[in-house]
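Student: What follows is the residue order along each chain.
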Amino acid sequence: MDCYTANWNPLGDSAFYRKYELYSMDWDLKEELRDCLVAAAPYGGPIALLRNPWRKEKAASVRPVLDIYSASGMPLASLLWKSGPVVSLGWSAEEELLCVQEDGAVLVYGLHGDFRRHFSMGNEVLQNRVLDARIFHTEFGSGVAILTGAHRFTLSANVGDLKLRRMPEVPGLQSAPSCWTVLCQDRVAHILLAVGPDLYLLDHAACSAVTPPGLAPGVSSFLQMAVSFTYRHLALFTDTGYIWMGTASLKEKLCEFNCNIRAPPKQMVCEEIFKIASMAPGALLLEAQKEYEKESQKADEYLREIQELGQLTQAVQQCIEAAGHEHQPDMQKSLLRAASFGKCFLDRFPPDSFVHMCQDLRVLNAVRDYHIGIPLTYSQYKQLTIQVLLDRLVLRRLYPLAIQICEYLRLPEVQGVSRILAHWACYKVQQKDVSDEDVARAINQKLGDTPGVSYSDIAARAYGCGRTELAIKLLEYEPRSGEQVPLLLKMKRSKLALSKAIESGDTDLVFTVLLHLKNELNRGDFFMTLRNQPMALSLYRQFCKHQELETLKDLYNQDDNHQELGSFHIRASYAAEERIEGRVAALQTAADAFYKAKNEFAAKATEDQMRLLRLQRRLEDELGGQFLDLSLHDTVTTLILGGHNKRAEQLARDFRIPDKRLWWLKLTALADLEDWEELEKFSKSKKSPIGYLPFVEICMKQHNKYEAKKYASRVGPEQKVKALLLVGDVAQAADVAIEHRNEAELSLVLSHCTGATDGATADKIQRARAQAQKK
Amino acid sequence: MAAHLSYGRVNLNVLREAVRRELREFLDKCAGSKAIVWDEYLTGPFGLIAQYSLLKEHEVEKMFTLKGNRLPAADVKNIIFFVRPRLELMDIIAENVLSEDRRGPTRDFHILFVPRRSLLCEQRLKDLGVLGSFIHREEYSLDLIPFDGDLLSMESEGAFKECYLEGDQTSLYHAAKGLMTLQALYGTIPQIFGKGECARQVANMMIRMKREFTGSQNSIFPVFDNLLLLDRNVDLLTPLATQLTYEGLIDEIYGIQNTSEDFFDKLTVEQEFMSGIDTDKVNNYIEDCIAQKHSLIKVLRLVCLQSVCNSGLKQKVLDYYKREILQTYGYEHILTLHNLEKAGLLKPQTGGRNNYPTIRKTLRLWMDDVNEQNPTDISYVYSGYAPLSVRLAQLLSRPGWRSIEEVLRILPGPHFEERQPLPTGLQKKRQPGENRVTLIFFLGGVTFAEIAALRFLSQLEDGGTEYVIATTKLMNGTSWIEALMEKPF
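Chain order of the listed sequences is Z and W.
When we follow the numbering used here, the leftmost residue of the first sequence carries the number 79, and every step to the right adds one.
When we follow the numbering used here, the leftmost residue of the second sequence carries the number 34, and every step to the right adds one.
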């Protein structure tokens with residue numbers, strides 16, 4: 079049994095730890111590590127080395143080299159450092175290398191040594207120079223803390239969203255603190271620093287002195303401090319060789335230790351040691367399985383022992399879990415085999431944990447491989463999540479492995495393969511030595527119609543690299559016009575954007591492009607473009623109708639659309655003009671346009687309208703009252719109602735009002751006036767073109783039965799029955815209907831026979847009907 | 034649950050619930066008390082989707098109508114504008130927001146665009162300097178609103194005018210989007226038929242939008258067997274005639290004071306026109322109506338009906354009517370007449386040929402023996418006239434359009450058929466006697482009489498097809514003509 083735990087060493091009374099070599103580093107270091115600035119990213123990330131010539135007495139004549147390696151020592155990048163002296167290096171959570179220069183500038187590099195951006199830590203830092211700097215990580219991202227030559231601290235808690243904070247002064251601080259670190263508590267970054275025997279905590283408002291509880295007496299200076307990755311624990315090293323360990327809140331002491339070393343350590347690391355639960359049942363199970371393989375009956379004995387204690391489930395779980403924490407595949411296999419063996423003797427052991435562990439380990443072993451060099455522990459992997467791990471593989475351009483992992487874990491395409499392929503494509507477009515055609519084709523071949531791949535994102539990247547033509551080619555594969563169009567606009571391919579927008583049918587998109595084009599092109603070119611795109615032209619007209627009336631006119635002019643121009647001026651004659659002259663002038667323009675449009679009817683009608691307007695004006699002047707904007711019909715009626723019959727006649731003649739309508743008009747007006755005498759005169763002026771039934775109707779409408787009866791007698795035979803019924807002469811109506819032998823008329827009269835008075839009439843009709851049927 | 038929506042062959046409650054869910058999700062994004070500022074036009078359609086109680090449950094405490102200047106005071110955390118994407122509304126919103134900022138406590142502003150977010154509008158807000166004031170700017174794709182168990186409408190008032198007069202396809206785009214939403218809920222529709230320019234465009238947009246969604250396979254078993262897209266301008270006749278079904282009559286008579294005798298005279302004239310009698314000369318009744326200055330809409334409806342039933346009027350007749358109308362009702366109506374001409378409702382006969390009799394005979398639009406008590410044919414809805422649009426639908430389902438190729442060529446716009454392939458697992462095997470379900474979409478509006486006719490076909494025992502009806506707007510001849518009228522003052 080002891081062979082499995084041979085590499086574990088005791089730590090204190092109840093804990094063990096082990097140390098193992100992950101990789102034998104393959105690097106070929108030209109410098110001694112101690113002469114270098116070193117930054118190793120957490121979670122098995124890359125390592126950066128920068129030979130530090132600025133610490134040496136004599137200024138170096140050769141420029142230093144910045145080397146980046148994978149955690150396994152595979153070189154990733156190497157570049158000559160051409161900027162200023164660097165004080166500190168560190169990796170951000172996104173695996174970007176932050177290089178803090180003495181002047182407070184922070185240069186950011188990708189892990190392939192590609193320069194990303196830079197930012198400054200502020201003027202104060204620039205003036206007082208950087209004495210020391212720390213890169214730290216919080217739940218929001220990665221931060222930078224600076225100690226300046228004036229012994230003041232400046233920090234930014236998130237370099238992704240740079241907000242500089244200058245920390246308060248430490249009272250009486252004359253020289254640099256002996257040691258300091260960044261603490262994160264309650265989502266806020268603080269600075270803990272030691273000045274001789276005193277500890278101070280700086281937050282953004284104040285500086286307060288703090289004392290660790292249970293600190294051994296006699297400390298005259300703190301030489302080193304270290305905080306755990308989670309900011310939960312803190313270790314302090316004093317000049318007496320004494321180490322204090324406790325919570326970072328300085329509220330509780332966990333342990334103390336005297337190492338009898340007085341010299342300050344170069345670096346101190348505070349680790350939370352993973353406590354592996356007692357392996358007892360699991361270990362026994364492992365043994366049992368080994369014996370089983372040897373076909374030894376000891377297997378049975380061990381197994382029985384575990385079962386008797388009722389610990390088999392626990393044993394299986396332990397083996398599975400332990401496998402996760404092993405780095406050696408052989409060891410993982412043994413433990414998993416043991417778990418699988420134990421499972422056989424359990425009725426209902428849920429398979430998920432076993433299956434997931436197997437999957438996780440395959441992924442972990444793959445990325446731990448020497449060539450990949452991401453030595454994550456199982457716990458780190460779980461914290462990081464698979465998505466972030468995939469991102470990191472993508473950062474290292476390990477696309478095939480990332481895709482294999484996605485496929486192996488059966489991740490949904492949108493989160494998995496599509497995302498990786500999109501990243502690959504974005505990398506591909508940066509390969510300047512490959513032609514646009516080849517890149518576009520290669521990308522389309524690989525991506526095809528994979529769901530979730532956004533060709534426009536890739537195109538945007540290509541455009542970002544200055545490859546506009548490639549971007550346009552890639553956009554051809556983008557099925558969503560909503561995505562195509564904005565990018566085409568950005569690339570100043572507005573005309574192409576316009577045709578894409580039109581193709582989509584999305585009018586909002588078309589409008590957007592149009593307004594772009596309008597600003598981009600001169601008016602002539604803009605109008606020409608519209609001319610070739612009828613759909614866009616109609617939309618733009620709609621826009622102008624509401625927003626720019628004058629432009630609308632120009633558009634019609636350009637197209638020689640005289641009909642619409644005519645209508646435009648008709649509208650204008652109402653909208654803009656108050657004075658009669660102005661209105662007439664607008665109408666004249668309209669009439670001219672209608673002539674040009676060969677719409678003679680509209681032209682003539684408009685001229686009539688002008689004539690009428692002028693006339694109405696004159697009538698108002700001469701007669702008073704309101705005439706403007708009455709219709710011709712109403713003008714004539716108003717004249718009759720006002721007793722101006724002559725003028726009414728004249729107007730009717732001038733505008734050639736048809737006789738029939740004029741009769742209706744007069745009839746209605748005279749009845750309204752209740753001028754029965756005039757009405758009768760009018761009815762006798764000549765034979766009515768509308769017959770005499772309307773006279774009957776209109777008199778009845780005014781409740782004048784007496785007058786109505788006068789006209790009823792003159793109504794022609796066809797409408798006689800109707801007229802008689804209107805004036806209430808049912809009996810006579812019946813006689814006429816019988817005389818006409820018209821069934822419809824008979825029914826009509828019958829339906830008017832009400833009550834006792836008409837009883838005789840009804841009988842008469844029935845008799846006539848009966849007689850008609852006999853024949 | 035809205036019970037009236039779930040009785041039909043297709044449960045439209047599914048759609049209603051989906052849009053309600055979307056609304057709730059949006060409201061919950063704006064945490065805390067809210068006031069809604071309404072684009073007045075939207076209150077009607079929203080009323081069919083969500084009552085005040087739903088809004089109240091999601092902390093909507095106040096409701097205002099969108100107006101210029103400052104907003105009424107309201108002690109709420111969020112102010113949400115529910116608006117159509119129109120530039121003039123953006124100007125009002127900006128005014129509201131700017132005058133609000135000067136007053137004390139800051140509040141969170143949001144915009145919900147119905148039915149679609151608009152870059153154009155956002156640009157306008159940006160130009161007015163208020164775009165940054167909005168925390169959530171989202172869209173609420175309320176395209177098709179369920180009215181009844183078999184009836185959906187976009188309630189887009191201007192759709193006909195925009196599509197057929199102004200060349201503005203916005204409502205067609207919304208229609209296509211609405212159809213995509215329907216397909217997402219009720220499965221891909223395997224066959225699309227269509228007649229008319231707009232129908233062609235909507236079908237094209239649908240095919241294109243489907244391409245945009247490649248990958249996200251629709252795995253819902255299709256509820257609709259086919260879709261029929263119909264342009265309103267393929268059948269301009271039907272809405273002009275007076276509807277004679279119960280619902281149609283209520284729709285027509287409402288607000289019109291006519292003596293019953295005059296109503297009878299009007300019907301007689303309409304029926305003469307539709308059966309092809311004396312359509313080529315000036316009609317006495319119309320003349321008298323003008324002379325007595327009856328309502329202009331009534332006159333226009335009749336003149337247009339005559340024009341459509343004669344494939345256009347002789348130039349002399351047309352000019353006579355137009356002149357009479359302008360002299361009687363005012364010259365400003367020259368704009369309205371122009372609009373009617375652009376829409377094809379009023380036109381001179383070209384080539385001296387009247388195609389209407391051919392169409393009438395082939396499609397059996399006029400039936401002399403109508404049984405209104407126990408109807409056997411859709412012609413009962415107009416007392417003899419069978420709506421052309423519905424006849425097209427009926428003939429499509431049996432025996433198919435191939436039998437009427439000649440007439441289809443006379444009617445405006447292309448006719449077409451598209452197939453949307455389904456994976457084998459989703460292909461339907463119809464049980465014997467099981468009816469097909471057709472979604473018929475009227476682009477430009479539908480009348481109650483047409484709906485009644487389609488419902489009649491749905492309930493025919495040997496009909497073979499049941500219909501679900503969708504439209505840009507529920508309308509009648511009056512509201513239709515009214516929308517085409519232009520009053521410059």
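No lab work stands behind these hints: they were computed from the structure.
Check before you lean on any hint, since a few could be wrong.
Said to hold, decoys possible - Here are the computed lysine-lysine pairs in the DSSO-like style, where the Cα-Cα straight-line distance is at most 27 Å: (1) Z:LYS329 x Z:LYS372; (2) W:LYS100 x W:LYS110; (3) Z:LYS596 x Z:LYS631; (4) Z:LYS738 x W:LYS331; (5) W:LYS326 x Z:LYS779; (6) W:LYS326 x Z:LYS724; (7) Z:LYS631 x W:LYS380; (8) Z:LYS765 x W:LYS380; (9) Z:LYS787 x W:LYS110.
Student: Just to be careful, I want the Cα atoms of Z:LYS738 and W:LYS331 compared with a cutoff of 27 Å; is the pair within it?
Tutor: Judged against 27 Å, a Cα distance of about 20 Å means the pair holds.
Student: When you check the alpha-carbon spacing of Z:LYS787 and W:LYS110, does it fall within 27 Å?
Tutor: violated, 75 Å
Student: Straight-line Cα separation of W:LYS326 and Z:LYS779 no greater than 27 Å?
Tutor: Roughly 16 Å between the alpha carbons, so the hint for W:LYS326 and Z:LYS779 holds.
Student: CA of Z:LYS329 to CA of Z:LYS372, is that 27 Å or under?
Tutor: Not OK: Z:LYS329 and Z:LYS372 at ~55 Å, beyond 27 Å, violated.
Student: Verify the proposed pairing of W:LYS326 with Z:LYS724, using a straight-line Cα cut of 27 Å.
Tutor: holds, 23 Å
Student: Within 27 Å, alpha carbon to alpha carbon, are Z:LYS631 and W:LYS380?
Tutor: Given pair Z:LYS631, W:LYS380 holds - Cα atoms ~26 Å apart, limit 27 Å.
Student: Does the structure keep W:LYS100 and W:LYS110 at a Cα separation of 27 Å or less?
Tutor: holds, 20 Å
Student: So if I understand the rule, the pair passes when the alpha-carbon distance is 27 Å or less; does Z:LYS765 with W:LYS380 pass?
Tutor: violated, 35 Å
Student: For the pair supplied as a hint, Z:LYS596 and Z:LYS631, is the alpha-carbon distance within the 27 Å limit?
Tutor: Holds, at roughly 16 Å.
In the structure shown, a violation is registered for the earlier hints numbered 1, 8 and 9, in ascending order.
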